[in-house]
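Asks: Here is what each chain is made of, one letter per residue.
Protein chains: 2
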Amino acid sequence: MADAGATRRSPNWEARREAIVDTSARVFARGGYHGTGIAELCEANELGKGALYHYIGSKEELLAAIHDRVMDEVIQSAERVGAADGSPPRRLAMLGDELLGIIARYPDHVWVFLHEFPALTGARANRFRKRRRSYEQALEQILIDGVSSGDFREIDTRLTALAWLGMHNYTYLWLKQNGALSAHDVAIRFSDIFIRGIAAG
Amino acid sequence: MADAGATRRSPNWEARREAIVDTSARVFARGGYHGTGIAELCEANELGKGALYHYIGSKEELLAAIHDRVMDEVIQSAERVGAADGSPPRRLAMLGDELLGIIARYPDHVWVFLHEFPALTGARANRFRKRRRSYEQALEQILIDGVSSGDFREIDTRLTALAWLGMHNYTYLWLKQNGALSAHDVAIRFSDIFIRGIAAG
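Read top to bottom, the protein sequences are chains C and R. No gaps in the numbering here: position 25 of the first sequence is 27 in this note's numbering, and each next residue is one more. No gaps in the numbering here: position 117 of the second sequence is 119 in this note's numbering, and each next residue is one more.
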């Protein structure tokens, strides 16, 4: 391929690698990680085996890159919400809005992310678990702050975080970009249910 | 194998088939449907290829049987809740309690159910979609009844049903039988959040 000789880590190389990550996410979402061979990835990316490995390193590194694409966005969203410094209910609503936006923008990546994380091993699995945990902690902190501020009633914050994550993450099965309801519309309605559900008084 | 010659559809045959469905659910949950070959299924079930096909018909029929194991329980739970005839909030709480009980009892089947349904094709896919839709309609009917009775405020019942399903279904990732909290304990806390979230007034 014309750009397979691009210098590793050059902007060209990075851009081509990103495109490969995106294409491969679609392939894994259809056929499963374990069910997809290198030959299929080569075909989908229009690359020979050597060129493909030049960009991805290994099949598992490709899977990790798909996870990172989602996780980078998710972690950044939690940082933005932390920096915005609104009331706990307002921050919870913002976090949900950001999360549904990511799910709508990356349907294939999120499908792979939620289904194939057990296929990550060793250091890659640890890194993924740490980043997921850091997001969950940011979410839980909003709930803890809301109980302290008197906005939320006394709740089991860990279980409540899991309930919130379930309600939002599960939209990956039906939330469509350009669907009848936008991700933002859905986020507003979900926050309305959830925040009333844990409100004090 | 000793019982591979049991008469098709005899109680022995049915019992052996059920055991194969359960064992295979565990195998698919680990390696994915597309990533699991007939050879692995033979090994896990300690059966030759001919004997395995005698029980399962085909790999896709086996996948459908795993779906049916969960779906049978789920549909029956909705029928029990319908027959119980309590107030809409009470029925919604019952349905959640039943659903989390099923998820805790069938972790492998539910994993396969939620991840591999796109692999069902033709009549099997149609049957699955119809049964899933019938469960979702039973759930939505409780919400509609609750709005009519004045227990629930004016809500988008379809979107609210999807929110409820997400919150409950997503527990398949962390709900353990004999975990710190039982499925029933979790169901009570989830209903408490959700029903306050949609309550009138």
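Hints are computed from structural coordinates only; laboratory data are not their basis. Check before you lean on any hint, since a few could be wrong.
Put simply, identical chains are the same to the list, so a pair is met inside one copy or across any two.
What the hints assert, rightly or not - Here are the simulated DSBU-like cross-link-like pairs (lysine-lysine), alpha carbons at most 35 Å apart as the crow flies:
no.	residue 1	residue 2
1	K178	K61
2	K178	K51
3	K178	K132
Asks: Determine for every hint whether it applies to the structure shown.
Replies: Now the hints, each set against the structure:
no.	hint	result
1	K178 / K61	both (28 Å within a copy, 31 Å between copies)
2	K178 / K51	within (33 Å within a copy, 42 Å between copies)
3	K178 / K132	both (29 Å within a copy, 21 Å between copies)
The earlier numbered hints are all upheld by this structure, with none contradicted.
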